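Just so you know, the protein sequences line up as chains V and R, in that order. Just so we're aligned: 70 in numbering that gives the first Met the number 0 is position 71 of the first sequence, and the numbers increase by one with no gaps anywhere. Just so we're aligned: 38 in numbering that gives the first Met the number 0 is position 39 of the second sequence, and the numbers increase by one with no gaps anywhere.
Read the hints as simulated data drawn from the structure, not as lab findings. Quick caveat: nothing in here was measured; it's all calculated off a predicted structure. You may find that some hints are simply not true.
Pairwise CB distance ranges (calculated) [to be verified]: (1) V/99 with R/109: 31 to 41 Å; (2) V/107 with R/117: 23 to 33 Å; (3) V/56 with R/91: 47 to 57 Å; (4) R/59 with V/94: 19 to 29 Å; (5) V/99 with R/51: 36 to 46 Å; (6) V/31 with R/43: 45 to 55 Å; (7) V/27 with R/106: 20 to 30 Å.
Backbone N, C-alpha and C define an ideal beta-carbon position, used for all residues, glycine too.
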Amino acid sequence: MKFGIMINEGPYNHQAADSAYQFAKAALEKGHEIFRVFFYHDGVNNATRLAVPPQDDRNVTKMWQELAEAHKLDLVVCIAAAQRRGILDADEAKRQGKDADNIASGFRISGLGQLIEAGIQADRLLVFGD
Amino acid sequence: MSTIKKFFYVNRKAPYGTVYALESLEVVLIGAAFEQDVTLAFIDDGVYQLMKNQSTAGIGMKNFSPTYKALGDYDVTKLYVEKESLEARGLTIDDLMDLKWEDEDDDWAENDSIRVVTSAELADIMSEQDVVLSF
């Protein structure tokens, strides 16, 4: 089956991103396909490369990066939600006149249309949130 | 785009206090461009999103409630409000905005967008959907 995944909460404050990761990992191991993972609301905070969780804790951003690299996952961060919360890629930082960007490699910033497309293309769209 | 799916947006939170309602509305508006079959549901504190005469002057936040009035122009014409959620909060449909949509196939007749349904009816509607987005 082809799944779309939506993540609506940030890492560490909420378990949504962890649960989504566990689901995605299990689904991929069973031979299913993940069409796209879309990060919305505070979920965009999963995409910062500047987080430094304690060494004895999991690193949620890194978990997604590694899973994405192993399975060529499309990790998409909503641009409107990201701009509100200070998640920027190099192009956006330049466009907005900011002095730095912070998006982690493996994630890309795009629009809400990517979420709707995931809903259309996937057999099931799963929402992980509060 | 050839595929038309039934998109169902479940709004569960009050309009202010958290950003879910505002960002849900942003998805609905963007999604409208994809010409899918769109339905919105308002349950729990989500019914407060449709209250008339909202004022945010005291909380320093933007009052985005006028945006709901534009939904009809985006062909978002099915807004279901759960009866039990209204009643639990001492509200009736008269407390909600008078949202209309114009039917171009019926000489632009004005129709009500909001329909109050029971929890059981809403469950039936939900079971017919393809994509359920919960906010």
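Results for each hint:
Hint check: residue 99 of chain V to residue 109 of chain R, Cβ distance near 51 Å, so the stated range 31 to 41 Å is violated. One distance hint, 23 to 33 Å for the beta-carbon pair residue 107 of chain V and residue 117 of chain R, is violated here, with the actual separation near 43 Å. In this structure the supplied range 47 to 57 Å holds for residue 56 of chain V paired with residue 91 of chain R, their Cβ-Cβ distance being about 49 Å. For residue 59 of chain R and residue 94 of chain V, the Cβ-Cβ distance of about 28 Å falls inside the hinted range of 19 to 29 Å, so the restraint holds.
For the pair residue 99 of chain V and residue 51 of chain R, the beta carbons lie near 44 Å from each other, so the given range of 36 to 46 Å is met. At roughly 32 Å, the beta-carbon separation of residue 31 of chain V and residue 43 of chain R lies outside the given 45 to 55 Å, and the hint is violated. At about 53 Å, the CB distance of residue 27 of chain V to residue 106 of chain R disagrees with the hint of 20 to 30 Å.
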